[in-house]
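Chain order of the listed sequences is A and B. For the first sequence, the numbering used here begins at 1 and goes up steadily by one. For the second sequence, the numbering used here begins at 116 and goes up steadily by one.
These aren't lab readings, by the way, just hints derived from the structure by calculation. Some hints could be false.
[As the list claims (entries may be wrong)] Far from chain B, some chain A residues (derived; all Cβ distances over 10 Å):
#1 S42
#2 E44
#3 Q69
[Said to hold, decoys possible] Derived pair list, reagent style BS3-like, types lysine-lysine, alpha-carbon separation capped at 30 Å:
#4 A:K3 - B:K128
#5 B:K170 - A:K70
#6 A:K107 - B:K128
#7 B:K128 - B:K170
#8 A:K38 - B:K118
#9 A:K70 - B:K218
#10 A:K70 - B:K133
#11 B:K172 - A:K107
#12 B:K168 - A:K3
#13 B:K133 - A:K107
#14 B:K170 - B:K185
#15 B:K172 - B:K185
#16 B:K168 - B:K128
#17 B:K133 - B:K118
#18 B:K118 - B:K128
#19 A:K16 - B:K170
#20 B:K172 - B:K186
Bear in mind the structure is a predicted one, so any value in this text is a computation, not a measurement. Think of the CB as a built atom: it goes at the ideal place given N, C-alpha and C, for glycine as much as any other residue.
Given next are the chains, with one letter for each unit.
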Amino acid sequence: AQKVTQAQTEISVVEKEDVTLDCVYETRDTTYYLFWYKQPPSGELVFLIRRNSFDEQNEISGRYSWNFQKSTSSFNFTITASQVVDSAVYFCALSEGSGNTPLVFGKGTRLSVIA
Amino acid sequence: DVKVTQSSRYLVKRTGEKVFLECVQDMDHENMFWYRQDPGLGLRLIYFSYDVKMKEKGDIPEGYSVSREKKERFSLILESASTNQTSMYLCASSFGGIGTNEKLFFGSGTQLSVL
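Working from the sequences, and respecting the hints, build out all of it.
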């Protein structure tokens, strides 16, 4: 069975600090997809990234970067030089590549960036 | 841009009432999903549908049913609302057939309170 664990329930940082959100996943499939979503105070989840299990290259998009390590079953998300607008709940999710398997979400990490 | 529209942002109902939560997407997506979001529990899948007239149970289907008569519309039904169904309900859709693992597009959510 697939499972996603986000051990950090809440994180608080001061603006301009770097912060890493952890995500550990479990799956028996060799083909799977990992996602990160952002949920700002408005409530609508916003897609950030999708990564398949065969692509372990790290990704950088502006101040955001993702570190995918199959050896530790982790897909961590780092925000560099955090800003107040980064305050949100962040969800990591997993979808197995075989059969009818929708996304399974972690419980989310609430990030507060203080000015 | 893909738009997923949920009919109500806030809803207050009485115990025992039949409740309909409506969701419409405008991008001809095959897949549609209903999740509920509760503090500390993250997002949990209630039902999903990969095609018109199709439905599949998610992790927590008890007390809910769904209807998908048209491709663009996916309705969540609470046959007899109970206080433990007070929650944020999120509708999502995605492109592609079974197992394509495409990203989800979310609506803004419906905060349902059952008194």
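- Say whether it holds or is violated: Q69 (chain A) keeps its Cβ farther than 10 Å from all Cβ of chain B. holds, 20 Å
- Message: Would the hint linking K107 (chain A) and K128 (chain B) be met if the CA-CA limit is 30 Å?
- Response: holds, 27 Å
- Task: Beyond 10 Å from every chain B Cβ: check whether that's true for E44 (chain A).
- Result: About 5 Å separates E44 (chain A) from the closest Cβ of chain B, which leaves it inside 10 Å; violated.
- Take the C-alpha atoms of K172 (chain B) and K186 (chain B), compute the straight-line distance between them, and say whether it is at most 30 Å. holds, 18 Å
- Query: When you check the alpha-carbon spacing of K118 (chain B) and K128 (chain B), does it fall within 30 Å?
  - Reply: holds, 26 Å
- Satisfaction of hint between K218 (chain B) and K70 (chain A), Cα-Cα up to 30 Å: Holds: K70 (chain A) and K218 (chain B) sit about 21 Å apart, inside 30 Å.
- Item | K128 (chain B) paired with K170 (chain B) [C-alpha distance capped at 30 Å] | It holds: about 25 Å lies between the C-alpha atoms, which stays within 30 Å.
- Message: Check whether the Cα positions of K168 (chain B) and K3 (chain A) lie no farther apart than 30 Å.
- Response: Distance ~29 Å between K168 (chain B) and K3 (chain A) Cα, so the pair holds.
- Verify the proposed pairing of K170 (chain B) with K185 (chain B), using a straight-line Cα cut of 30 Å. holds, 12 Å
- Query: S42 (chain A) clear of chain B by more than 10 Å, beta carbon to beta carbon?
  - Reply: violated, 7 Å
- Holds or violated: are the alpha carbons of K172 (chain B) and K107 (chain A) at most 30 Å from each other? It holds: about 20 Å lies between the C-alpha atoms, which stays within 30 Å.
- Task: Take the C-alpha atoms of K133 (chain B) and K118 (chain B), compute the straight-line distance between them, and say whether it is at most 30 Å.
- Result: With Cα atoms ~27 Å apart, K133 (chain B) and K118 (chain B) stay inside 30 Å; holds.
Violated hints, in rising order: 1, 2, 4, 5, 10 and 19; the structure is consistent with all others.
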